[in-house]
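Protein chains in written order, with this note's numbering: chain A, 4 to 570; chain B, 5 to 282; chain C, 124 to 460.
Calculated from the structure, these hints are not laboratory results. The reader is advised that the hints may include incorrect statements.
Said to hold, decoys possible - Below, a list of computed lysine-lysine pairs in the BS3-like style, where the Cα atoms sit at most 30 Å apart:
no., chain 1, residue 1, chain 2, residue 2
1, C, Lys339, B, Lys260
2, C, Lys401, C, Lys411
3, C, Lys401, A, Lys78
4, C, Lys433, B, Lys275
5, C, Lys401, A, Lys64
6, A, Lys543, B, Lys43
7, B, Lys221, C, Lys433
8, A, Lys543, C, Lys401
9, C, Lys382, B, Lys38
10, A, Lys53, C, Lys433
11, B, Lys83, C, Lys411
12, A, Lys64, A, Lys116
13, C, Lys397, A, Lys64
14, B, Lys83, C, Lys382
15, C, Lys379, C, Lys401
16, B, Lys221, C, Lys411
17, C, Lys423, B, Lys275
18, C, Lys379, A, Lys53
As the list claims (entries may be wrong) - A partial selection of chain A residues facing chain C, derived with a Cβ cut-off under 10 Å:
no., residue
19, Leu48
20, Lys322
21, Phe381
22, Gly485
Virtual Cβ for every residue (Gly too), placed ideally from N, Cα, C.
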Amino acid sequence: MAGLASAFGSGAMTNSIEEIDNARVLFVIGSNTTEQHPMIAMHMLDAVDKGATLIVADPRKTQVAGFAQIHLRQKSGTDVALLNGIMNVIIDEGLVDISFVKRRTENFDDLEKIVRAYSPDVAEKITGVPADEIKRVARIYATEKRSMLFYSMGITQHITGVDNVRSCANLVMLTAHIGQPMTGLNPLRGQNNVQGACDMGALPDVYSGYQRVSDPKARRKIGNAWGRKLPARPGLTMIDMFDAALSGGLKAMYIMGENPVISDPDSSHLIEAIKKLDFLVVQDIFMSDTAELADVVLPAVTFAEKDGTFTNTERRVQKIRRVIRPMFGAMPDWKIISEVSKKMGYDMGYRAPHEIMEEVALLTPSYGGILHHRLDNFGIQWPCPDTSHAGTPFLHRKKFAKGLGTFNPVDFAPPAENTDAEYPFILTTGRMYFRYHTGTMCRRTSTLEREEPECFIEINPKDAGRLGVRTRNRVRVLSRRGEIVVNVLVTDRTPEGIVFIPFHFRDAAVNLITNPAVDPIAKIPEFKVCAVRIVPLIPKPGERQKSLYNRKEDIKILLELYEEPKV
Amino acid sequence: MKNKNRQNRKGLYLPAKVEILDVVDMTSDVKLFKLERPKSFYYSPGQFLMVSVWGAGEVPISITSTHEIRKDIELCIRKVGAVTSALHSLTAGDYLGIRGPLGNRFPFEEAFGKDILFVAGGIGIAPLRSLINLVSEQKEKFGKIALIYGSRNPSEVLFLDEILRWRDEGIDVYLTVDVKTDPWKYSTGLVTEHLSKQRISFKTCHSYICGPHVMIKAVMRDLSLMGMPAENIITTLEAHMKCGVGKCGHCYTDGKYVCTDGPVFNYTEIKQFGMSNP
Amino acid sequence: MKGHFVLNRAHLSYWLRQLRKDADLIGPLRSTDGDIIFSSIENIHDIELDCPASIPSPKEFIFPQKEEMFRFSDKGVSSKSNGERRVIFGVRSCDISAIALLDRFYGELYEDSFYMDRRRNTVFISIACNTPDPTCFCIGLGTGPFLKSGFDIQLTDLGNRYLVQAGSGEGLKIIRRFRHLFQKPEKTDFDDQYEAMLSSQSGFEKRITLETVRQKIITAKVEDSFWESVALRCFQCGGCVYECPLCTCFNVVDWKEDKDKGVRMRLWDTCMFKGFTKMAGNVLPAEKQIMRTKRWYFHKLLYYPEQFGKFGCVGCGRCTITCPGRIDMAAVANKLD
Chain A
4 MAGLASAFGS
14 GAMTNSIEEI
24 DNARVLFVIG
34 SNTTEQHPMI
44 AMHMLDAVDK
54 GATLIVADPR
64 KTQVAGFAQI
74 HLRQKSGTDV
84 ALLNGIMNVI
94 IDEGLVDISF
104 VKRRTENFDD
114 LEKIVRAYSP
124 DVAEKITGVP
134 ADEIKRVARI
144 YATEKRSMLF
154 YSMGITQHIT
164 GVDNVRSCAN
174 LVMLTAHIGQ
184 PMTGLNPLRG
194 QNNVQGACDM
204 GALPDVYSGY
214 QRVSDPKARR
224 KIGNAWGRKL
234 PARPGLTMID
244 MFDAALSGGL
254 KAMYIMGENP
264 VISDPDSSHL
274 IEAIKKLDFL
284 VVQDIFMSDT
294 AELADVVLPA
304 VTFAEKDGTF
314 TNTERRVQKI
324 RRVIRPMFGA
334 MPDWKIISEV
344 SKKMGYDMGY
354 RAPHEIMEEV
364 ALLTPSYGGI
374 LHHRLDNFGI
384 QWPCPDTSHA
394 GTPFLHRKKF
404 AKGLGTFNPV
414 DFAPPAENTD
424 AEYPFILTTG
434 RMYFRYHTGT
444 MCRRTSTLER
454 EEPECFIEIN
464 PKDAGRLGVR
474 TRNRVRVLSR
484 RGEIVVNVLV
494 TDRTPEGIVF
504 IPFHFRDAAV
514 NLITNPAVDP
524 IAKIPEFKVC
534 AVRIVPLIPK
544 PGERQKSLYN
554 RKEDIKILLE
564 LYEEPKV
Chain B
5 MKNKNRQNRK
15 GLYLPAKVEI
25 LDVVDMTSDV
35 KLFKLERPKS
45 FYYSPGQFLM
55 VSVWGAGEVP
65 ISITSTHEIR
75 KDIELCIRKV
85 GAVTSALHSL
95 TAGDYLGIRG
105 PLGNRFPFEE
115 AFGKDILFVA
125 GGIGIAPLRS
135 LINLVSEQKE
145 KFGKIALIYG
155 SRNPSEVLFL
165 DEILRWRDEG
175 IDVYLTVDVK
185 TDPWKYSTGL
195 VTEHLSKQRI
205 SFKTCHSYIC
215 GPHVMIKAVM
225 RDLSLMGMPA
235 ENIITTLEAH
245 MKCGVGKCGH
255 CYTDGKYVCT
265 DGPVFNYTEI
275 KQFGMSNP
Chain C
124 MKGHFVLNRA
134 HLSYWLRQLR
144 KDADLIGPLR
154 STDGDIIFSS
164 IENIHDIELD
174 CPASIPSPKE
184 FIFPQKEEMF
194 RFSDKGVSSK
204 SNGERRVIFG
214 VRSCDISAIA
224 LLDRFYGELY
234 EDSFYMDRRR
244 NTVFISIACN
254 TPDPTCFCIG
264 LGTGPFLKSG
274 FDIQLTDLGN
284 RYLVQAGSGE
294 GLKIIRRFRH
304 LFQKPEKTDF
314 DDQYEAMLSS
324 QSGFEKRITL
334 ETVRQKIITA
344 KVEDSFWESV
354 ALRCFQCGGC
364 VYECPLCTCF
374 NVVDWKEDKD
384 KGVRMRLWDT
394 CMFKGFTKMA
404 GNVLPAEKQI
414 MRTKRWYFHK
424 LLYYPEQFGK
434 FGCVGCGRCT
444 ITCPGRIDMA
454 AVANKLD
């Protein structure tokens, strides 16, 4: 988000999902699209069927990579070098869209200076991707008019996350693949409404519609509407908050719909921080691991029990409708917040979600024309300044949100942690299809739970041979921070030297060992790279391997399903 | 082999409540459950029950006892999943639910006058035990009877006392383990290594096999290569099951339902399954 | 002709309203997002007859997505019967053909009481399809667009009137109860029905004969590499199975409500997931997607004909609408043909 904002002035998918069908080149970097964004992958496959060229850059051989004409398997954490290498070729071979660069952007000279240092050979040395492949990708991406670039967590969850995004933005501007249909820079958001949460200002430094807290005008406008003077200082990021809690600077916390105990890196550190708080409130639909630690748990309703909107990854605000009555006395989030606020002496006075949407429209320029009654059928894509506006399928048409697009050249910086003799493997983490996040919801569904009940580590056959392990053996995975025990899955999906563990499991929470180092700007942790050692735990012949899986725990989850939530 | 015995309509999915009479620890993770036998409950060797523990679920379990010999029902159960773990926490006097008997039975009338070879691996002895006890009751009707039984290690050998009794009664018994620990006075190695040592006439013999999937596959192939007719090589299969009556689809393989067309199949039938492919 | 009647279009809603007096009337409605769903009818005029296939198929009314089998407690088990009377109106020919096959699947050998209880209390009034959707291919399977038998009541829309055919005793009964609404058909009515059928038959975009596909598979002219290419495109959403009017598999789970009581449920399940066949100790007989893909197609294309003499597909096109990887029955058949 931060990287996109500094380049274009707004952070969201620039183009629309529908446009994918007719694109000619799809460059997917750091996204396991088929598993994590299947509906978008469907359009990608349709485009491939129509003859589009699919390029996937991912160390792992994901399902989507199986459809790619070119699959670049860069070393984890070397995306900047790869993208700089591609840009080097584009500049070197005269494939830059000069008129676009001159009219619409600034700071090209600085970019050129830095990128010059990344010849394909240099990039090959850093990334492990053959120089010829880099050249091929550069030519295909730059020469085709309708080239779309996609990225996801594989780009952002690094200490260089913002740099990675900036590099993507540089590439897009260099070739003028923006401001047109079937082009653009398209971050795929991981959850149904993460775009909406960001749009509504669920970030420390902005209000709704990315109006900056530091902007006195915005502060005054919103403060006037709420009848309160608003603080001029931006808030803390999540990682900073937990650090502050640990050092005693933060006393109380109110967590909504998040389960950081499982989802955040170095969780033992985090649990310690939570325990130091004087007061913790957790608002969730189920009793999550984090809620277990709370002083007060506020039961919220699920999507099916509430009205409102979700904003998807293509900026489309869509209406959701209540289909069942709220169960067990749970309330919609907006109502809980309003009630809490009222008890604290401020009556927000909302009586229904559409009233809140009216206020959003009033105070947020990009949501100006987005009102519930306009959202039937397929919703509206922001920006939509007024009620006569039909929404915006692609952004930055004539000019960027901030005026000129800025090239933010970046140099390659290695990941925070490197492999060495003691910790010789790079561990990268991610998701899998049958699990959603920390499992607060999906683990209650017997059919989903049946698929992958135990955590596993993907190891390349060559590495597995050297370690002397086979599929279903068990290994200890150790990092400088901790260790977990997981099952082995030998597969060439993961390249040599790199291992992969999904982060969804509570019994083998990989975030006990991941690196909490964060991107200095976005504060997103480096989930994608850390150094680990693998110790085989091979059963002696004739010995039976015990299940990893905590059955009692499982039965407990099933029992909770029908329990009245504790309030 | 099909069991056409129609259930009463309501009873198809409704388990009957039965009392656990006794629970015997067999090994560290295997227990023998003795259940009260409901009235008009008749079963044959090879048939199975769907066993319910309320709240944990239902699993198919083969019957290890023999109807003609015992008044109760015996089930030999290893703790492997959620339901069997719940089962293992029950004791005498507790109740559980059963449906059945389900599935077909081991055909053995064809083996009258012929030699019989039983090959068991691990807990695969359980369903065979039902048949072995029935056969050993009427030994005079058969030729030579042999049993090869393989286990991982000596501590996992099930029904050892009973097996030694069978031996004393004239069954050729070969016990083997993957890994030997003291004191173990029998063989080591895989069951397939002991097939050819049997002094039986392979060409006319009937064999009954049960054990892990890989073992069944290997034994069936070897026996077939040794000249045993495919119809005489008989096994019983394990499969994921939810209903036991051919409706839920979980055990369905290549046009057959393990629950209603099996669980007992001969090698000719097995070869038609995709599962026999490497 | 026996069992044939004519119903004035203006009298349809009156008839339905009468039927609703002693049964739950269910029909196709259009949701605010444009989807077609079968649901209890509040207002007869909301029924959408000229519409694409409903998602999910009406099988959910006799084989619900989630169903209580029985309740258990330390005292034993108790099961309530599903005796609610239902009239399901506006069902398509393909779905009626599917239900006829489901009746055999759940009724033969061991009778599934949950299904059959519902089925015995349900009357289907189907409507012959005058305008097939682009995804439809029932015509090659004899499961539509017009049925000759297998229905309770079939209506054919002839503009100002419906030709009404009774195909079962149950169907005839609910026509006879309102005899005053129905006239004897004239020759022109049959002629018009025939015209409607011809025009419908000419409206199919997809011409698929599964028999040639079956022959190809049996004669082993389909290599595993083909199924591999199909499996590669499977996103494992399970949509093909959940939406298929002929997929019958279910999972059974216990939900505990208290220490010693709870409920055993059955839920739709899908063989597209590798856990579907998972055995004790995490052994996965169908670990590779290709095995599961083949299993689904072989069941429908080879084993259904073996067991029932009919394909396990009625050409409703729901998998075509649903599959994100475009590897639905029609697509696979087209590639093989």
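Inset, instruction - Compare the distance between the alpha carbons of C/Lys397 and A/Lys64 with 30 Å, and conclude whether the hinted pair is satisfied. - result: 20 Å, holds
Inset, instruction - Under 10 Å, Cβ to Cβ, is where A/Gly485 needs to be relative to chain C, so tell me if that hint holds or is violated. - result: Violated: closest Cβ of chain C sits about 25 Å from A/Gly485, beyond 10 Å.
Legend entry - Pair hint outcome, C/Lys379 versus C/Lys401 [Cα-Cα no greater than 30 Å]: Holds, at about 23 Å.
Legend entry - C/Lys433 paired with B/Lys275 [C-alpha distance capped at 30 Å]: 25 Å, holds
Legend entry - Proposed proximity, C/Lys411 with B/Lys221 (alpha carbon, max 30 Å): Measuring from Cα to Cα gives roughly 20 Å; hence the hint holds.
Legend entry - Pair hint A/Lys543 and B/Lys43, alpha-carbon separation not exceeding 30 Å: Given pair A/Lys543, B/Lys43 is violated - Cα atoms ~47 Å apart, limit 30 Å.
Inset, instruction - Go through the hint on A/Phe381 and say holds or violated, using the shortest Cβ distance to chain C against 10 Å. - result: 8 Å, holds
Legend entry - Holds or violated: C/Lys339 to B/Lys260, with C-alpha atoms at most 30 Å apart: 21 Å, holds
Legend entry - Pair hint A/Lys543 and C/Lys401, alpha-carbon separation not exceeding 30 Å: Answer holds: A/Lys543 to C/Lys401 is near 25 Å, not above 30 Å.
Legend entry - 30 Å Cα cutoff - pair B/Lys83, C/Lys382: 22 Å, holds
Legend entry - Pair hint C/Lys401 and A/Lys64, alpha-carbon separation not exceeding 30 Å: 25 Å, holds
Legend entry - Proposed proximity, A/Lys53 with C/Lys379 (alpha carbon, max 30 Å): Violated - the C-alpha atoms of A/Lys53 and C/Lys379 are around 51 Å apart, more than 30 Å.
Consistency note: the structure conflicts with the earlier hints numbered 3, 6, 7, 10, 12, 18, 22.
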